[in-house]
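Protein sequence lines, in the order shown, are assigned to chains A and B.
Counting in the working numbering, the first sequence runs from 10 upward without gaps.
Counting in the working numbering, the second sequence runs from 10 upward without gaps.
A portion of the hints provided could be inaccurate.
Said to hold, decoys possible - Derived lysine to aspartate or glutamate pairs resembling DMTMM-like cross-links, with alpha carbons at most 20 Å apart: (1) Lys-493/B to Glu-348/A; (2) Lys-266/B to Glu-369/A; (3) Lys-408/B to Asp-189/B; (4) Lys-497/B to Glu-369/A; (5) Lys-192/A to Glu-369/A.
No lab work stands behind these hints: they were computed from the structure.
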Amino acid sequence: MEKTLNQVLLHKNSRVGADYTLWKNGWGGQGLKNAMEHPADIISMIRDAGLLGLGGSGFPTHIKWQAIADQTNTEKYLICNGNEDEPGTFKDRVLLEETPFQVIEGATIAALACGINNVVFYINPNLKTCHEVMQSALAKWLTSEIHNHALQQGLNLKYTIVASSGHYIAGEETAAIESVEGKFPFPRGKEPRPTTSGVNGCPTLINNIETLCNAPHILRNGVQWYRDLGIGEANGTKIYCLSGDVLSPGVYELPMGTPLTELIFKYGQGMLVGKELKAVFTGGPSNTILTEKDLDVNLDFKSVSERRSSLGTGAMIVVSRGTGIVKRVAQYVDFFAAESCGQCPACKTGTYYMSQLLGEIDTGAGKKADLDSLVDLCNILPGGGRCHLLDGAVKVVDSSLYHFLDEYKEALSDDSN
Amino acid sequence: MTKNISYQEALANYKAVSDRPLPEVNYEGLLEKYHPDYFKDACVQLKIGANKGDICHIQLAEMLQTDARIDEADLAGAQVIETDILIIGGGGAGCAAALTAAETGARVLIATKLRLGDSNTVMAEGGVQVSIEKDDTPQQHYDDTLRSADRPVDKKLVAEMVMSAPDVIRWLIQQGMQFDLDEYGDLLTRKAGGTTAPRVVYFKDYTGLEMMRVLKEAVRSSEIEVLDYVPTVELLSDEDGHCTGAVLSSLEDNRYKLVKAKSVIIATGGIGRLHLNGFPTSNHFGATGDGLVLAYRLGAKLRDLDSFQYHPSGLAYPQHLSGTLITESVRSAGAYLLNAQGERFVDELQPRDKVAAAIMRECAEGRGVDAGNGIKGIWIDTPGLELNNPGIFDARFPKLIKIGKKSGLDPRKQPLLIYPTLHYQNGGVIIDKHGQTNIPGLYCVGEVSGGIHGRNRLMGNSLLEIISFGRRAGIHAAKYSPRKPFRKISIEHLSRLRRELMLADMPMDSKGPILFPAYAKFETDSDYSGLHKNKKSK
Numbered sequence: 010m011e012k013t014l015n016q017v018l019l020h021k022n023s024r025v026g027a028d029y030t031l032w033k034n035g036w037g038g039q040g041l042k043n044a045m046e047h048p049a050d051i052i053s054m055i056r057d058a059g060l061l062g063l064g065g066s067g068f069p070t071h072i073k074w075q076a077i078a079d080q081t082n083t084e085k086y087l088i089c090n091g092n093e094d095e096p097g098t099f100k101d102r103v104l105l106e107e108t109p110f111q112v113i114e115g116a117t118i119a120a121l122a123c124g125i126n127n128v129v130f131y132i133n134p135n136l137k138t139c140h141e142v143m144q145s146a147l148a149k150w151l152t153s154e155i156h157n158h159a160l161q162q163g164l165n166l167k168y169t170i171v172a173s174s175g176h177y178i179a180g181e182e183t184a185a186i187e188s189v190e191g192k193f194p195f196p197r198g199k200e201p202r203p204t205t206s207g208v209n210g211c212p213t214l215i216n217n218i219e220t221l222c223n224a225p226h227i228l229r230n231g232v233q234w235y236r237d238l239g240i241g242e243a244n245g246t247k248i249y250c251l252s253g254d255v256l257s258p259g260v261y262e263l264p265m266g267t268p269l270t271e272l273i274f275k276y277g278q279g280m281l282v283g284k285e286l287k288a289v290f291t292g293g294p295s296n297t298i299l300t301e302k303d304l305d306v307n308l309d310f311k312s313v314s315e316r317r318s319s320l321g322t323g324a325m326i327v328v329s330r331g332t333g334i335v336k337r338v339a340q341y342v343d344f345f346a347a348e349s350c351g352q353c354p355a356c357k358t359g360t361y362y363m364s365q366l367l368g369e370i371d372t373g374a375g376k377k378a379d380l381d382s383l384v385d386l387c388n389i390l391p392g393g394g395r396c397h398l399l400d401g402a403v404k405v406v407d408s409s410l411y412h413f414l415d416e417y418k419e420a421l422s423d424d425s426n
Numbered sequence: 010m011t012k013n014i015s016y017q018e019a020l021a022n023y024k025a026v027s028d029r030p031l032p033e034v035n036y037e038g039l040l041e042k043y044h045p046d047y048f049k050d051a052c053v054q055l056k057i058g059a060n061k062g063d064i065c066h067i068q069l070a071e072m073l074q075t076d077a078r079i080d081e082a083d084l085a086g087a088q089v090i091e092t093d094i095l096i097i098g099g100g101g102a103g104c105a106a107a108l109t110a111a112e113t114g115a116r117v118l119i120a121t122k123l124r125l126g127d128s129n130t131v132m133a134e135g136g137v138q139v140s141i142e143k144d145d146t147p148q149q150h151y152d153d154t155l156r157s158a159d160r161p162v163d164k165k166l167v168a169e170m171v172m173s174a175p176d177v178i179r180w181l182i183q184q185g186m187q188f189d190l191d192e193y194g195d196l197l198t199r200k201a202g203g204t205t206a207p208r209v210v211y212f213k214d215y216t217g218l219e220m221m222r223v224l225k226e227a228v229r230s231s232e233i234e235v236l237d238y239v240p241t242v243e244l245l246s247d248e249d250g251h252c253t254g255a256v257l258s259s260l261e262d263n264r265y266k267l268v269k270a271k272s273v274i275i276a277t278g279g280i281g282r283l284h285l286n287g288f289p290t291s292n293h294f295g296a297t298g299d300g301l302v303l304a305y306r307l308g309a310k311l312r313d314l315d316s317f318q319y320h321p322s323g324l325a326y327p328q329h330l331s332g333t334l335i336t337e338s339v340r341s342a343g344a345y346l347l348n349a350q351g352e353r354f355v356d357e358l359q360p361r362d363k364v365a366a367a368i369m370r371e372c373a374e375g376r377g378v379d380a381g382n383g384i385k386g387i388w389i390d391t392p393g394l395e396l397n398n399p400g401i402f403d404a405r406f407p408k409l410i411k412i413g414k415k416s417g418l419d420p421r422k423q424p425l426l427i428y429p430t431l432h433y434q435n436g437g438v439i440i441d442k443h444g445q446t447n448i449p450g451l452y453c454v455g456e457v458s459g460g461i462h463g464r465n466r467l468m469g470n471s472l473l474e475i476i477s478f479g480r481r482a483g484i485h486a487a488k489y490s491p492r493k494p495f496r497k498i499s500i501e502h503l504s505r506l507r508r509e510l511m512l513a514d515m516p517m518d519s520k521g522p523i524l525f526p527a528y529a530k531f532e533t534d535s536d537y538s539g540l541h542k543n544k545k546s547k
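With these hints in hand, go ahead and build the complete structure from the sequences.
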C-alpha cells in the first residue's frame, strides 16, 4: 500500500505545513530551480507530461498556459483556485493546510512559464486554517533565498491571498475573476475567454490548486517519471476524496487510473457495517452516478467518461443499500437551488422547480405528473445557463432517473403502474 | 455470606422510644468499602466518542456504545415538522424551558416518550432548596453543595443555581404552585441531610407532584405544541456538526417523524431504569438514559459517568413496592434509622451517599433485617417519629400513609423496612450556564446534564436545578433561535458512530437508546416493531 499511496503531493516531504526549513530540506524548491534554468521548456514539459486540469475539467493544462504565454500584455494574472465548496470534495483544503509551499512553488512556476506577474491565491473564506497557514507560509516565502534568487533572475511576482465570496458558484472560472475584482461572483458570458481578458481586462490563468501542485514535481523529476506514475494510459497521480458509507473515508493520493474498487475496498477498508454498495456519486454531486457494475472502472478522466460519467474533482461519495436515492438527490438539488446565482432564468427557476418536485416525491406526496415534469425538465434545462451549475444539477437528476427510476415510482402517492 | 436477622426476630427487637442517642460511628473507608460507585469492576473505559478513555459505569458504557436504531432508509417518506425549539422530555425541566421560551413568541414543540408530566419530577417528594431563612445565605447553599459533592464541580453552574433559587420559587408561586406555609403565610423550611441551615421549601411530601401539576396546566393552556407517545430515537445534524432536530418514533402509528428545529433542548432525565448493579430504583418508568445516548452520539462531552446516587430510604418490603421512595424529609423531621438489633448506626442527616453506604454496611455485617427471598434492609423508625410528633404523618406525609396502606402496614405503628434504591444520575452532559452543550444548537437541562452535583447531590437541589436551568435554556434558545435560518437535517453522524464502533472492534448487535426497560415486554404486549430493536439479535 505504501508504494502507491501519497507518493507525491501528499508525501511527507510535501506535507510540512508552514515549516520552510523542513520543506527545503526535503525536495522543496528543486522544481522551481530547474524551471528558472530553462524557462522556455516549462510548457513543453507540462505538455509532454500530460498534466490535466484536476479541478474537474480534465482540460490539458499546457493549452491554457500556452494561450496566456502567447499574450503580449505586461499585466497578467494567475488565480490559484481554492474556492472548493462542492459536497464531498476536500482535497484543496488538505493541500493548502498541509502543503502551502508546494502550492506557492507550483504557482510560481506557472507564472514563470506564462509571463504572469500577479499571483492570487483565491481561497474559500470558510477554510480559516487554510488562510492562516498560507499567510504564514507566504510571509516566509517572501524572505526566503528561493524568492531572492527569483528576484535576481528578474522574476518579480506580486502574491496576494484573496478570500472568495464563499459561494459555490464563486469557484467557476469567470465568477472567480469577478470575485477577485471585488464584485459578486456572477459567471460571465463565454466570450471573451479569461485567457485573453480576465481580471481587470488582463489575460488570466485560472488553475485548480491540485493542478498547480503537480508542476514542481514534473519539473523536478522529469516527464517520463510523471507519466510512469499513472496506470494504463493515465499520467501522474490524483487525490481522491472518499466519503460516505465506507469504513475509512479521507483523502488518498493514488496513481491516476486506480480502479474504483481498490479505492473503496482497499484504501477505504470497505463498506461500513458490511452493507452492500448501491451507488457512487463521482466527482461530487454534479455528475452522473456510478453503480455496482462500474466498480471495476479505472478512475481517470477517460475511463470514467466511457461509463457516461466523469471524474470531476475526484470526489467519490459512496452510498450503501438502505440509502434512499431520491432523498440524496433531493438534498443535492436543494444545494444547487440554494447556490444558483440567479442571473440565468433557466437556472434560477429550473433548480428551484426540480428541488420542489424532488421534495414532494421524497416525502411521499409526489404524483405521477410530478415525475413526468421532472423527466421533462431534464430534457429542457441543459444549456440554459452561462455556467455549468444548471447542467450539473440536471446531470445528477437525469442519472438517478436512469439508474433508479423504480425508487422514484415507488415513492409516488398515485402510482398505479 | 453473612446471615442477617429474620424479619420477625428483628421486629421483636424493635421498640418505639422517644430518645435514642447516637453511638460512635466510624465513617472511615465507609464509601470506599460499601458504596456501589466503588464496587470493583463497576466501571470500564469508554472506547468511542468524546469521552473515549474516560471511566464510566459498565452498564451505562454498554448503552452509550450501542448502534443506532435507525438507518437512512427508515426516514424515507417520513413526515417533517418544523419548529423553532424542540424540547425532548415533558418533565419539570422540559416544561420550564418550554414555558419561558414560548413567552417570547418562539414556536415550541415538546415531544415526550409517554405523556406530558410522566417523569421523575413527580417522584420528588422532599422539596426545593432555597436560601430564604434569615440566618441563611446563597453562599452557605453554595458551600453545602460543594462540600457534599466530594469531587470538583462546575462552580459557575452551582453559583448560578443558588443565586437564582429565590427567583425560581417566586416564578413557581406565580405559576400557581402551593407550598406549606406557617401561620403568617411565610414559606416553611426544613433541613436536608448534609446542609447547614433549614433551606428546603415543600408541599407535604408531594412537592414534585404539585410542581408538575402546575407546570403541566401552564403548558396545556399555552401555545406550546405537545406530542405525546413519541420517543426520540435519534438527533439530526448537519455537516458542520450542529444539532438541527430529532427523529421521533410515534407509538401510535408506528411511523417516524422528523422534527426540524433551530434549537433542541434535551430534558430526558436519568438512568434509574437501567438498574445499575442490580439495584431497584425509585425512578419513573421512562428513566432509561435516552438523552445521554443521543447527545453522546452527536459528539457531546459528558462527565462524572461513574457516580450515581443511591437514595438511602427506598422501601424494601413488601417486594411489589421495592424501590419506592420514602422521602428524606421523614429523616429530617427526626426519624431514626435502626438496625435489626434496634440500634442507631448512622447520623441520619449525613449526605445521602454516606447514609446509604452505612445501611449497606449493616446488612453486609449481619445486623440487617432478612425478610426472605433475598430481601434485606434496616428499619426507618416511623413509630418513634409519631411518638415524638403526634399527628405528623397525617399533616405532612400523606403519601407515606398511602404507601403504608398499599403495603398493608401502618407506618405510625410499625417501622418500615428500607434499603438504598438507585435514585439519581449525578453526572451527565457538560453544559454552560445557559444549558448549552459543546454541540451548537443542542441544550441539555435537568438530570441529563452534569457538573452541579459532583459525587453526591443534596436533597432539594434537583427540583431547583430543573427549574433554574430549564428556564435559562428556554430563554437562551428563544433569544438566539428564531432569527436563525433552518439548517440541513441528516443522520450522517451515525456513519461516524458506526465507523468508530467498527474500528474499535465493538459488537454492533444491540441498539440504543433503549427507550423502555427490557421488562416492558413490548414484544408480546405491543405490535410496535420499532421497540424490539433494543433486544440483542440472536
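Each hint, compared with the structure:
no., hint, result
1, Lys-493/B to Glu-348/A, "holds, 18 Å"
2, Lys-266/B to Glu-369/A, "holds, 16 Å"
3, Lys-408/B to Asp-189/B, "holds, 15 Å"
4, Lys-497/B to Glu-369/A, "holds, 17 Å"
5, Lys-192/A to Glu-369/A, "violated, 36 Å"
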